[in-house]
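Undergrad: One letter stands for each residue in the lines below.
Number of protein chains: 2
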Amino acid sequence: MDRTRVRRALAATEALGLVLIRGWARTRRESKGLVFLEINDGSCLGNLQVLVAEDSAAWGGLGEVSTGAALEVVGRHQASPAKGQAWELHAEGLRVLGVADPESYPLQKKRHGDEFLRTIAHLRPRTNKYGAMFRIRARAALAVHEFFGQRGFCWVHTPIITGSDCEGAGEMFRVTTLPPGEVDLAADFFGRQAGLTVSGQLEAEPFALALGDVYTFGPTFRAENSNTPRHAAEFWMIEPEMAFADLADDMALAEDFTKDLTRRVLADCGEDLALFERFVQPGLLAGLAAMVEGPFERVSYGQAIDILAKAGRQWEYAPQWGADLQTEHERFLCEEYFRRPVIVFDYPKQIKPFYMRQNDDGRTVAAMDLLVPRVGELIGGSQREERLGVLEARMGELGLSAEDYWWYLDTRRFGSAPHAGFGMGFERFLLMITGAGNIRDVIAYPRTPRHLGF
Amino acid sequence: MDRTRVRRALAATEALGLVLIRGWARTRRESKGLVFLEINDGSCLGNLQVLVAEDSAAWGGLGEVSTGAALEVVGRHQASPAKGQAWELHAEGLRVLGVADPESYPLQKKRHGDEFLRTIAHLRPRTNKYGAMFRIRARAALAVHEFFGQRGFCWVHTPIITGSDCEGAGEMFRVTTLPPGEVDLAADFFGRQAGLTVSGQLEAEPFALALGDVYTFGPTFRAENSNTPRHAAEFWMIEPEMAFADLADDMALAEDFTKDLTRRVLADCGEDLALFERFVQPGLLAGLAAMVEGPFERVSYGQAIDILAKAGRQWEYAPQWGADLQTEHERFLCEEYFRRPVIVFDYPKQIKPFYMRQNDDGRTVAAMDLLVPRVGELIGGSQREERLGVLEARMGELGLSAEDYWWYLDTRRFGSAPHAGFGMGFERFLLMITGAGNIRDVIAYPRTPRHLGF
Chain A
1 MDRTRVRRAL AATEALGLVL IRGWARTRRE SKGLVFLEIN DGSCLGNLQV LVAEDSAAWG
61 GLGEVSTGAA LEVVGRHQAS PAKGQAWELH AEGLRVLGVA DPESYPLQKK RHGDEFLRTI
121 AHLRPRTNKY GAMFRIRARA ALAVHEFFGQ RGFCWVHTPI ITGSDCEGAG EMFRVTTLPP
181 GEVDLAADFF GRQAGLTVSG QLEAEPFALA LGDVYTFGPT FRAENSNTPR HAAEFWMIEP
241 EMAFADLADD MALAEDFTKD LTRRVLADCG EDLALFERFV QPGLLAGLAA MVEGPFERVS
301 YGQAIDILAK AGRQWEYAPQ WGADLQTEHE RFLCEEYFRR PVIVFDYPKQ IKPFYMRQND
361 DGRTVAAMDL LVPRVGELIG GSQREERLGV LEARMGELGL SAEDYWWYLD TRRFGSAPHA
421 GFGMGFERFL LMITGAGNIR DVIAYPRTPR HLGF
Chain B
1 MDRTRVRRAL AATEALGLVL IRGWARTRRE SKGLVFLEIN DGSCLGNLQV LVAEDSAAWG
61 GLGEVSTGAA LEVVGRHQAS PAKGQAWELH AEGLRVLGVA DPESYPLQKK RHGDEFLRTI
121 AHLRPRTNKY GAMFRIRARA ALAVHEFFGQ RGFCWVHTPI ITGSDCEGAG EMFRVTTLPP
181 GEVDLAADFF GRQAGLTVSG QLEAEPFALA LGDVYTFGPT FRAENSNTPR HAAEFWMIEP
241 EMAFADLADD MALAEDFTKD LTRRVLADCG EDLALFERFV QPGLLAGLAA MVEGPFERVS
301 YGQAIDILAK AGRQWEYAPQ WGADLQTEHE RFLCEEYFRR PVIVFDYPKQ IKPFYMRQND
361 DGRTVAAMDL LVPRVGELIG GSQREERLGV LEARMGELGL SAEDYWWYLD TRRFGSAPHA
421 GFGMGFERFL LMITGAGNIR DVIAYPRTPR HLGF
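Chains A and B, in that order, give the protein sequences. Numbering of the first sequence is given in UniProt numbering, commencing with residue 1 and proceeding in unit increments. Numbering of the second sequence is given in UniProt numbering, commencing with residue 1 and proceeding in unit increments.
Chain A on its own, in the form it takes in the complex:
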């Protein structure tokens, strides 16, 4: 007998007859000659209610059934007279596959705090909230590939271990096979200093300048000793790169991509998102629906500074041309002033990396950041400097060695073309779409300073 998933049993349009269900008991409730079990198999948020009657052959197997036990039930799938559920299962046979001792199993039926659940990251996907979270994460991750696949972008696997530090974007982890204390780099695996990538962009650009449209989607790393709800040492990033594209194309892609991902998750994860609407972030669904309907605002960095300066606010950091926008500024712009996602473009060149294309004004670059309510910066990108001379001059100003970047410069030396791209922090997207407040709660096994469990 083939196994039926709970998802299918709950969504049935007609009675399925005798079915085989395997899953875990979420609750057990007794009532005169009947035991009610709620079974979940991870295929969806909902549980299937199983009725075990005292006079059925299934009754004998009930002894060891408690919350968390793994079960196999054969029973009749039929319409339920109970409120709130269309279908239920009348057990004819029941077998316990794995017990869960009520004295020691940590996930008894009550709400647990997020902090406690982080200490049992191996069990938290068995809760309603984290089951929903990781189904949403999987759906959104698949949506990334659907979006780019449908547009003809090639997924490129840029290297994780790297000899360059990309853009000096952040502190790097070192990678080595030398025993601790050993310092002879010549004897190390790569014979030189190696680190974990902070971005695949520089390695993706040569592929865009060959295949046209490419993207990366992989893990990236920051060895920053920061303990905030938004920083993790290991996170996943999506970095599209398009040949023959300028900043306007880049902004359009960022907007389309963000909306498309959101639409796909809204379409397929309604039940899971409703949990976050109810318990985590009231108003979440209306906010997301509004976001995918309306256009994103576009405002230059200069205009943004003006708006902030004239806002009549007490800022912790006074908005000032040449300084980076702070979280308080970003949130004001998208949550209060425009009340929608905002793309800020044309940033001062001194606060942006060397590879961004210089504008004709001599002081800004063709950069853009997408800011969204609650989360702040979701995407950062730019048109890339494709002019060899301009790029070399900028690298010289910043003290970067042309020799280290010989291959990167080659792409400007031979068949250079305008191109543009961006990076989206995938976990930032998940914070936005679930309303969760802490990056540790959207990652299977989060890595932060002094936390390397599991």
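Incomplete in silico selection of chain A near chain B, CB under 8 Å:
#, residue
1, Asp41
2, Gly68
3, Ser416
If you want the ones that stay clear, here's a sample from chain B, every Cβ over 12 Å from chain A, calculated:
#, residue
4, Glu14
5, Arg29
6, Leu51
7, Gly60
8, His90
9, Glu115
10, Leu284
11, Ala286
12, Ala289
13, Ser300
14, Arg340
15, Pro348
16, Asp361
17, Leu400
Simulated coverage check for chain A against chain B, where a stretch passes if three residues somewhere in it have a Cβ under 8 Å from a Cβ of chain B:
#, region
18, 218-232
19, 236-247
If you're looking for bench data, these hints aren't it; they were derived computationally from the structure. Values in this document were obtained by computation on a predicted structure and should not be read as measured data. Built from N, CA and C at the ideal position, the CB exists for glycine as well.
For this one, chain A is given, so just place chain B on it according to the hints.
TA: Same frame as chain A, but now just chain B:
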């Protein structure tokens, strides 16, 4: 005017009229008052032939056009009288976006060796062969997600930085933020020894035992100092894990998965694969077509040893119960004896990791390897030991600390259930489907001992 991709221009079913093409010149040929350019934009293997007539406005822009130059051409798309191409472009305007000096551009029109091309990994996707390779890689990678997405598997992002060494599957890279020479682990980023993952399986299992069916697809690492055509320090692996599944389910999934990936690539990458058929591996396409048609063979390890022992061969390593199969054995089984992919199952427990489920015979485990022609082992998997007592006893025999694996053992302590999974080396699949002989040629920027370029 919107840009038209070369792929669309070549596949048109009617003339497109005036179009805008952007791409790179692959060749330039002159012929009395006419210049013929072959333009490629990476969207497909084929080039679009552009004719520039001496009396056209495009003629003036030709001066700097040589192989590798980036161009923008506006022209009339029309049926071609030439053999071997349905469409051509009559240029009305032409602009060079980026030159490629013929004196220094390394990719002149001639065939280059794979070894040379590895030294310019940033430029090799501009060649026919490597453009095709990385389009095939992208298509196959997308197919992984399509396959599992359609079957309701959740993609789980297991951690790259890990404190455990999984199964002792291989040498690990250390990850640290301590300056070279510093040995105080307590001062390190995680306050303890950290390394790069060799497999996400142990971390994926708890998710299978919560969400049901999951898979990982991400980078994995081996710090082995081996310079072979089949080993890289960094490669991508796909690891599905299914709750309520046994070894037979696992073998069925491995077969379905391998065939499905192959079918999708065959369906969508015909032109690119034909290049490999022609220049790399004659017979490739017929072999792949036969593989997806016929069933895979299944043979127990014991039977396999018998077959090998009776083959009447001079083996470098005599086949012997209890020893691992060598490449010569694997290739004999699938290339000569069965002449198709073979799944070998029920291996001796002493050559397999601790987590594999022990069979009732007391000496084998429910393991399986999928062997394919030319490549050897493509997939390795097993049913997992779900019985807490048996697992703990085996770990004790192998000297593994129960304390280190507390969270892994928890999954057997609470609601344990039969489950199974496998790992496929993604690059192995690419070697199989392209016929390429060296793993360095299927990875964008390969990492091997002393090689960390780009």
